[in-house]
Structures are given as C-alpha cells and as structure tokens.
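Note that the protein sequences, when read in sequence, are chains Y and H. Following the numbering used here, the numbering of the first sequence begins with 2 at its first residue and continues without gaps. Following the numbering used here, the numbering of the second sequence begins with 2 at its first residue and continues without gaps.
Among the clues, some could well be false.
Since the list gives no way to pick out one identical chain from another, each pair is judged satisfied if it fits inside one copy or across any two copies.
List of simulated lysine-lysine pairs, BS3-like, C-alpha gap at most 27 Å [as the list claims (entries may be wrong)]:
1) LYS121 <-> LYS67
2) LYS166 <-> LYS245
3) LYS67 <-> LYS187
4) LYS121 <-> LYS79
5) LYS241 <-> LYS93
6) LYS245 <-> LYS234
I should point out that these hints are in silico values taken from the structure, not numbers from a laboratory.
2 protein chains.
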Amino acid sequence: MLGAIEAGGTKFVCAVSENGRDIKERVSIPTTTPAETMQQVYDFFRSFSIEAVGIGSFGPIDINTKNDTYGYITTTPKTAWQNFNILGDVQKHLGVPAGFTTDVNAAALGEWKHGAGAGKTSCLYMTVGTGIGVGAVINNHILEGLNHPEAGHIIVRRHPEDDFKGTCPYHSDCLEGLASGPAVEKRWGEKGSELTARPEVWELESYYLAQAMMNYILILTPERIIIGGGVSKQPSLLAKVHEKTQQLLQGYVQDSMITQHIDQYITTPGLYDDAGITGGFVLAARTLEDTPN
Amino acid sequence: MLGAIEAGGTKFVCAVSENGRDIKERVSIPTTTPAETMQQVYDFFRSFSIEAVGIGSFGPIDINTKNDTYGYITTTPKTAWQNFNILGDVQKHLGVPAGFTTDVNAAALGEWKHGAGAGKTSCLYMTVGTGIGVGAVINNHILEGLNHPEAGHIIVRRHPEDDFKGTCPYHSDCLEGLASGPAVEKRWGEKGSELTARPEVWELESYYLAQAMMNYILILTPERIIIGGGVSKQPSLLAKVHEKTQQLLQGYVQDSMITQHIDQYITTPGLYDDAGITGGFVLAARTLEDTPN
Ligand SMILES: Nc1ncnc2c1ncn2[C@@H]1O[C@H](COP(=O)(O)OP(=O)(O)O)[C@@H](O)[C@H]1O
Ligand SMILES: Nc1ncnc2c1ncn2[C@@H]1O[C@H](COP(=O)(O)OP(=O)(O)O)[C@@H](O)[C@H]1O
Ligand SMILES: [Zn+2]
Ligand SMILES: [Zn+2]
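Start from the sequences and build out the full structure, keeping to the hints where you can.
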C-alpha cells in the first residue's frame with residue numbers, strides 16, 4: 002500500500018492506494034499548526050500499513066538534497082510553518098521511505114502518469130488560483146535543478162491600458178501579481194466567479210496567460226500543458242489563451258500541436274482535483290523503487 | 002574514436018577525439034550548399050575510423066523522433082539548407098550511429114560535462130550573438146520535449162525609453178529582436194565591439210538579458226547558467242546582468258548561488274569556442290552506448 006500527502010495552505014489531503022492510482026481511502030485535514038495538523042496526518046496513516054509515501058507540499062520548500070534545509074517548508078507567510086522540516090517529521094513518524102516535491106510538481110507527475118499528459122515524456126502543469134504555480138515533468142522525471150520551478154513569478158509585458166499595480170509581495174507586477182485569482186478580484190472589485198459576463202476581464206487575463214504559455218513553450222518545450230486552479234474554471238478563458246498564444250508565437254514553433262491542435266496541447270486537467278494525490282502515489286512508488294532494501 | 006560536427010550557419014567544424022574530450026584533429030569548412038559542404042565533411046572523416054558521431058546543428062531543426070522530418074533542418078532562411086535531412090545524410094555517408102541536437106544543446110552538453118557546468122546535474126547555455134540561442138541539460142540529459150528550446154524568442158518587458166522596433170522577423174521585439182548582436186548594431190548605429198565606451202548601450206542590453214535570466218531561473222531552475230557568443234565578450238556586460246537579475250528576483254529564490262554567488266552562477270563558458278564540438282563528442286559517446294550491437 003502507498004500513501005500520498007497533498008500538503009496545502011488551507012488543507013492537507015492524505016490518501017492511500019493499493020495500486021498506486023486508485024484512492025482507497027482519503028481524509029482532509031485543516032492546515033492549522035504543524036503539531037496539530039501532522040498529528041491528524043499520522044493518525045490517518047496508522048490504520049494502514051503503507052510501504053512508502055509521496056508528499057506534494059505548498060511552499061516555498063527546499064528540494065535540493067545538498068542543502069541543510071532539504072525537506073523544509075522555508076519562507077512561507079504562514080508563520081507557524083516557517084522552517085518546518087516536513088519531510089523529516091513524516092519520515093520520523095511514519096518510518097517509511099518518503100518522496101518530497103512541490104504541490105504543483107506532484108500534480109504534474111500525476112497528470113503525466115495517469116491524466117492529460119499520459120503517454121508523453123514531458124508535461125507542464127500550471128495552477129491559476131490564489132497563486133500561480135507551475136510544476137513539470139521532463140524526460141519522465143520531475144523538473145528539479147537549483148531548486149523547484151517558480152514560474153508563476155515570471156515577467157510578462159504589461160497591457161498598455163492596465164494600470165493595476167499588482168499583488169505580488171516580491172515583484173508587484175509579475176505574472177502572479179497581475180493574473181492570480183486575488184489579482185483579478187482586486188483589479189475588478191469582484192471575485193472572478195462573479196465576472197463571467199465581463200469579457201474584458203478574460204481578454205486581459207488571457208493576454209497575460211498567453212505570454213506565460215509562449216515563454217514556457219520556448220524555454221521548456223513540454224509535450225503537453227495543463228492548466229488547473231480556480232481561475233481556469235472560467236468558461237471562456239482557455240479558448241482565448243489558445244488564440245493569443247498562437248498569435249504571439251507567429252508560427253515560430255512549427256509543430257502541428259501548436260499550429261493546429263492547440264486546444265489539445267494546452268488543456269484542462271484529466272484528473273481534476275486528484276492530480277496532486279495521484280502524483281503523490283507515483284512519487285511514493287518511485288521512492289520505494291529507489292530505496293535499497 | 003568519436004566524431005563531432007558543429008554545423009553552423011557560416012561554417013561547419015568537424016573534429017575527432019580518442020577520449021571523447023580532447024580534440025585530436027579538426028577542420029573548418031565554409032557553409033555553402035549541402036552537397037558541397039557535406040562532401041568536405043565526409044572527406045575529413047574518411048581518414049579516421051570513427052565509431053559514432055554527434056551533430057550539433059544550426060536550426061530550426063526537428064529533433065522529435067516521432068516526426069517524419071526528424072533529423073531535418075527545417076525552415077531556415079538559408080534556402081539551400083531548407084528541409085535538408087542532415088542526420089539521414091550523415092548516417093548514410095558515415096555509416097555509424099549518429100546523435101543529433103541543436104548547436105546550443107550541444108554546447109550545453111559540452112559545458113555540462115567538461116566545462117563551467119561540470120559536476121552539476123543541470124545547466125543552461127545561452128549564446129548572444131547573431132541570434133540568441135539557448136540549450137540546456139536537465140537531470141543529466143539534453144532538454145527536449147515537443148521540440149528543442151527556442152528561448153531566445155521569449156517576451157521581455159520593453160524599456161520605457163527604448164523605441165527601437167526590433168529585428169526578429171517573427172516577433173519583432175522578442176528578446177532576440179531587442180538584444181542580439183544585430184539588434185544592438187541597428188539600434189545604436191555601430192557594431193557592438195565599437196560601443197564599449199557607451200555605458201547606456203550595456204545598461205539597456207543587461208536590462209533585457211536580466212529579464213531572460215529571471216525567466217530561465219524561474220521556469221527551468223538550472224544549477225548553472227553559461228553565457229557565450231560575441232555580445233557576451235563585452236567586458237562590462239556580465240556584471241550588470243548579475244546585478245539586475247538579483248534586483249528583479251528580489252530575493253524570491255532563496256539560494257546562496259543567487260543571493261551571494263551570482264557571479265559564479267551566471268558565468269562565461271569554460272570551454273570557450275570548443276563547447277559545441279566537445280558536446281558533439283559527448284553526444285557521440287552516448288549514442289554509441291545506446292546503440293544495440
Ligand atoms: N469560476 C471562477 N472564475 C474565476 N475565478 C475563480 C473561479 N472560481 C474560483 N476562482 C478564483 O480562484 C482562486 C482560488 O483558486 P483555487 O485553485 O480554487 O485555490 P488555491 O489556489 O488556494 O488552491 C480565488 O481567487 C477565486 O476567486
Ligand atoms: N566585443 C563585442 N561586443 C559586443 N558585440 C560583439 C562583440 N564581438 C562580437 N559582437 C557581436 O556578436 C555578433 C556575432 O556573434 P558570434 O557569437 O560571434 O557569431 P554567431 O552568433 O554568428 O555564431 C555580431 O552581431 C557582433 O557584432
Ligand atoms: Zn512575483
Ligand atoms: Zn523572435
């Protein structure tokens with residue numbers, strides 16, 4: 002049996018699976034303090050005999066095994082969780098091999114193995130919600146290097162008529178600062194879900210997201226791009242992103258997936274809200290394989 | 002013995018190596034027509050008994066093995082080379098296993114194995130010259146997905162006082178359109194090498210290159226970034242890129258390589274002009290390993 006932990010800023014989802022894909026049982030635990038939340042996590046897993054666990058965590062986290070703070074949640078605004086060694090804590094309490102990555106890398110891994118990226122060697126997963134997060138699988142492996150991607154914070158060109166100053170505490174008007182759910186709400190004075198009837202909102206939103214698509218395609222060249230998160234539920238948004246991405250690329254990337262089938266190339270998640278948990282199982286299975294016995 | 006071909010738009014460099022690193026003999030051949038140039042390539046290799054060859058080619062090229070045009074130089078402005086099956090031609094004439102990638106991916110591979118990226122699991126190589134090209138090694142493998150990176154064409158934010166319209170035939174004012182060697186020359190009316198005494202030129206150039214650094218770091222998160230090409234020879238440029246990249250990131254990526262050692266993190270090539278050829282040898286060796294005998 003394999004375990005998965007989706008460690009989110011509002012809730013932790015824990016689940017177990019026999020076959021590494023289907024969820025046998027799951028629980029949702031509010032994110033309060035590490036002591037309180039983790040206790041409930043361990044209580045859940047106690048009923049099962051899991052062989053390994055995969056953790057996809059909110060961040061920023063340190064996934065560079067060379068660092069002293071490897072396995073930590075680092076500079077999060079959630080003060081109770083700052084510098085919490087989540088990986089070490091899980092290993093100590095569950096006593097099984099544990100894989101560790103970001104929430105969006107876990108979602109990318111899940112979608113790549115069993116969702117909209119199945120059969121590809123690479124895929125990029127983007128969530129446009131409270132923040133903008135990006136994870137990726139490249140050459141069948143999670144994308145990690147110096148650290149994990151933070152591609153929600155890239156620079157995009159501002160729309161000449163958009164004078165909203167942006168919401169990112171670090172960069173003000175990076176992509177996340179201009180196009181996350183809270184940015185939409187603050188700019189237009191209403192929650193995104195209430196703005197469906199205002200096409201100018203989604204014109205502008207797709208203006209920014211299409212630039213992100215262009216840069217992700219040119220830099221990472223993934224075989225599939227998957228967009229999830231609350232804002233992506235806006236019905237007219239994806240088609241506008243398709244159209245604007247093609248316009249920006251100007252036929253430069255001569256692949257029929259982009260020139261003709263962009264609606265299949267940039268797509269919604271195949272696993273919906275289960276992407277992260279499924280990715281956790283995949284990570285758990287890989288960690289088990291890589292553990293010398 | 003291993004062979005390497007660096008197929009450039011002005012010249013082809015061919016070389017052989019006993020140990021996959023040191024160049025035993027090399028030749029430089031002008032890029033005219035495929036028939037003429039390739040004949041001289043084959044004449045050079047005839048004197049050696051090579052077991053495999055690695056090709057780093059100018060592009061755009063098709064490196065997606067699923068495509069019918071895999072191994073081709075595709076939509077290049079050099080009309081004689083359009084839709085030339087360079088990989089197939091080499092395989093036919095040399096009769097040995099051949100690896101195929103872009104010129105900049107080959108340079109990235111060479112720098113990663115034996116140059117400024119040695120000992121890392123990932124590195125990004127950027128050339129700022131006649132064009133802006135980017136190659137990368139991720140998880141010890143060349144970055145390939147839908148196709149190869151074209152990260153010279155990303156969108157950057159224009160400087161508010163820069164009204165130069167840009168030189169890219171596809172996107173006008175993408176990064177390459179604003180910051181390649183020809184863009185510098187056209188904007189300021191003189192070749193880059195003549196503009197050393199004008200700090201405003203390099204202020205603006207680093208304004209654009211630092212944005213590229215930011216986006217590459219946030220999207221690809223490489224362990225090392227190497228900048229080569231003619232424009233990078235400008236003495237004051239790299240330090241300005243370091244400074245501006247740190248300013249843009251605003252401490253968001255909390256790794257000492259960026260916050261304290263950015264001069265080591267974004268660096269000049271270790272192999273200088275031999276990066277591509279060295280990468281060709283590495284590619285040849287890998288291709289040989291992967292070939293069932
Ligand atoms: N239908 C919708 N259209 C536009 N925005 C929405 C919609 N539904 C939710 N959102 C926005 O998405 C954000 C929440 O994203 P979500 O992915 O659900 O959560 P989180 O990112 O915290 O995991 C909020 O800012 C919310 O206003
Ligand atoms: N010292 C220099 N400072 C600035 N620009 C330079 C310098 N030397 C060469 N360049 C510019 O670099 C470009 C050529 O780049 P290079 O990398 O040598 O060739 P290519 O990209 O064709 O392989 C030209 O536009 C040239 O003006
Ligand atoms: Zn930001
Ligand atoms: Zn361009």
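Checklist line | Hint check against the structure, violated hint numbers in rising order | finding: 3, 4, 5
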